[in-house]
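Enquirer: Numbering (the working numbering), first residue to last: 1 to 460.
Calculated from the structure, these hints are not laboratory results. Where is the CB? At the ideal position from N, CA and C, for every residue including glycine. One should not assume that every hint holds.
Computed spacing ranges between beta-carbons, pair by pair [to be verified]:
1. A382 <-> R341: 27 to 35 Å
2. G354 <-> R85: 39 to 47 Å
3. C313 <-> A455: 35 to 43 Å
4. D433 <-> R39: 33 to 41 Å
5. R85 <-> D26: 28 to 36 Å
6. G314 <-> A451: 43 to 51 Å
7. R27 <-> N228: 20 to 28 Å
8. D26 <-> V67: 36 to 44 Å
9. T15 <-> R220: 41 to 49 Å
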Amino acid sequence: MNTTRLYARAALLPTGWTPDVVIDIDRDGTIVASTPGRREDADQIAPGPVICGMPNVHSHAFQRALVGHTGPAAPHGADSFWTWRTAMYRFLDRIDPDAFEAIAAQAYVEMAKSGYTTVGEFHYVHRDPRGATYGDLAELALRTVAAAGLAGVRLTLLPVFYAHGGFGAAPPAPGQRRFLHDLQSFGALFDVLSARSTDDAFVLGVAPHSLRAVTPEELRDVVAMTRNGPIHIHAAEQTREVDECVAWSGRRPVEWLLRNAGVNARWCIVHATHMTGEETDELASSGATVGLASTTEADLGDGIFPADRYVRCGGSWGIGTDSNTIVDPFVELRQLEWSQRLHLHRRNVLAPAGAISLGVALWNAAAQGGSRALAQPAGAIAPGHRADLVVLNTDDPALAEQPPERILDAAIFGPCRAPVRDVMSGGRWIVRDGRHMREEEIFDAFRRTLARLDAMPPET
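Let the sequences and hints guide you as you build the complete structure.
Expert: Put into structure tokens, the structure is as follows:
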């Protein structure tokens, strides 16, 4: 068996920071061993401490181009998630398949450069701007696959079933016309993607958008389409959503899912921001993973996830970029911890008892939970896991001369501007010395796309 041997002067293994590690990687990009060794035993030498790549559990890649379009204030200072959503719908009407791919590729390059090596794309744009189907039902989904391939990141594709505009099968709004499916058309899309996923280009799951966009019967049938794949759903992101769910069903969104949907380890509940203590405890014990997007949740004014209680109950969680306002796992973890500090008036809230490093605890928990939510063999430097590796940049002043046991704390909570030097995805280097292998061509396409979109008539 042909293998590549990578030496790291320090590597974060499941047992903790370990000096002088040789990582053996087979030709398929899988780690076959991670053992103490010498530089002389290796084919390559990592120029800094090595950690596992971070899975991004929740992305809407096209929203990367939305930056700057949602700044104008609403009348009377009434800005909220819901006014943001209206602006997003208006912007989306400009985006054709070429733009969709170019924007996604740029987002994925930025993810790779920041240390994300796997992305879960919560893909809900299926139709053209008029609401008509493309000649290929999977046109935009396959543009997402192509973009991930260009960037070299692994993809879990989560086609979204979206049928209604509100609880109780309310009719959709005009701005939602690009998202819509019925069970027959979604089943056809899922079959096309199932056939295309057999070459290992992506992991396929499903994403019933939310309880306001699907009926209970539709939820059951969509979940049944994927026998073993991951299932992701938005829930309890906004207080208005919670109130409307109670009015519809008598239960809160997470409570309804736990009672009626068979939530287990295949599920990722995205946001879960507004839960009672009982919901929090039960979700933590269900085996599901919570997908947190702390920077987006802050940007949209969603609220603060009850992470302290959830983590103390042993709940699984991962992080995502969601609207891609911020694309940086270190910042995502900082925002998560800092939101808890502001809410609870304590420091190091999410540190396990006796933890030597909060940064290590956060990175490991997010990597392991994220890999589980995306059904990807990643999230640790260990045999059988994909060789998704991040080499930290000790030339950043915040990381200079930091010992391994402190370096993740410095990268997450210090004034660190460039924590990542190199990134390997599936045994292949895609970022070297802070530069992505294809960033110039991808950025050029992105720049031309933005110019073309800006030349279109103003959003109305």
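Enquirer: For every hint, state whether the structure bears it out.
Expert: Status of the hints after comparison with the structure:
{"no.": "1", "hint": "A382 <-> R341: 27 to 35 Å", "result": "holds, 32 Å"}
{"no.": "2", "hint": "G354 <-> R85: 39 to 47 Å", "result": "holds, 43 Å"}
{"no.": "3", "hint": "C313 <-> A455: 35 to 43 Å", "result": "violated, 52 Å"}
{"no.": "4", "hint": "D433 <-> R39: 33 to 41 Å", "result": "violated, 20 Å"}
{"no.": "5", "hint": "R85 <-> D26: 28 to 36 Å", "result": "violated, 45 Å"}
{"no.": "6", "hint": "G314 <-> A451: 43 to 51 Å", "result": "holds, 49 Å"}
{"no.": "7", "hint": "R27 <-> N228: 20 to 28 Å", "result": "holds, 26 Å"}
{"no.": "8", "hint": "D26 <-> V67: 36 to 44 Å", "result": "holds, 40 Å"}
{"no.": "9", "hint": "T15 <-> R220: 41 to 49 Å", "result": "holds, 42 Å"}
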